[in-house]
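All chains should be built: construct the whole structure from the sequences, respecting the hints.
Residue 76 in full-length UniProt numbering sits at position 76 of the sequence shown, and the numbers go up by one each step.
Keep in mind the hints are simulated off the structure, nothing from the lab. All of these numbers come straight from a predicted model, not from anything done at the bench. The beta-carbon is built from N, C-alpha and C at its ideal position, and this holds for glycine as well. Mixed in with the good hints there might be a few duds.
Claimed, not checked - Simulated DEER-style distance windows between Cβ atoms: (1) Asp18 <-> Arg48: 49 to 59 Å; (2) Gln13 <-> Arg36: 33 to 43 Å; (3) Ser59 <-> Lys11: 56 to 66 Å; (4) Asn26 <-> Leu3: 28 to 38 Å; (5) Met4 <-> Tyr34: 38 to 48 Å; (6) Ala55 <-> Ser9: 52 to 62 Å; (7) Arg36 <-> Leu10: 35 to 45 Å; (8) Leu3 <-> Phe23: 29 to 39 Å; (9) Lys19 <-> Ser51: 40 to 50 Å.
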Amino acid sequence: MELMGEIQSLKIQNIEKDKKITFLENRVADLEQYTRMNDLIISGLKTRHRSYARAAAASEDTAAGRGGADAPEVDR
1 MELMGEIQSL KIQNIEKDKK ITFLENRVAD LEQYTRMNDL IISGLKTRHR SYARAAAASE
61 DTAAGRGGAD APEVDR
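Okay, here's the thing in structure tokens:
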């Protein structure tokens, strides 16, 4: 008889945990949606695909005043 009570108690705990998991999943989904609320998506622009290393090097060249073929123009 004691085992039946323990099983029933564990079933109730399992149901409560399932409800809490569902609640927390919904809360995370809501927070993720809220963070995307003010995102701006730009499409239709022509892009030049460069590696991060080349982009970083171009930024350093521009900051040092060296410029370069791939260096973006900076208004000062």
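Here is what the structure says about each hint:
1. For the pair Asp18 and Arg48, the supplied restraint of 49 to 59 Å holds, since their beta-carbon distance comes to about 50 Å.
2. Taking 33 to 43 Å as the suggested C-beta distance range, the pair Gln13 and Arg36 conforms, at roughly 35 Å.
3. For the pair Ser59 and Lys11, the supplied restraint of 56 to 66 Å holds, since their beta-carbon distance comes to about 60 Å.
4. Judged by the Cβ atoms, the range 28 to 38 Å given for Asn26 and Leu3 holds: they are separated by roughly 35 Å.
5. Range check, Met4 to Tyr34: about 45 Å between beta-carbon atoms, so the 38 to 48 Å window is met.
6. Against the hinted window of 52 to 62 Å, the Cβ-Cβ separation of Ala55 and Ser9 comes to about 59 Å, which satisfies the hint.
7. Separation of Arg36 from Leu10 is about 39 Å and conforms to the stated range, judged on CB atoms against 35 to 45 Å.
8. Taking the beta carbon of each, Leu3 and Phe23 are about 30 Å apart, inside 29 to 39 Å as hinted.
9. The supplied range of 40 to 50 Å is met by Lys19 and Ser51, whose beta-carbon atoms lie about 48 Å from each other.
The structure fails none of the hints (numbered hints given earlier).
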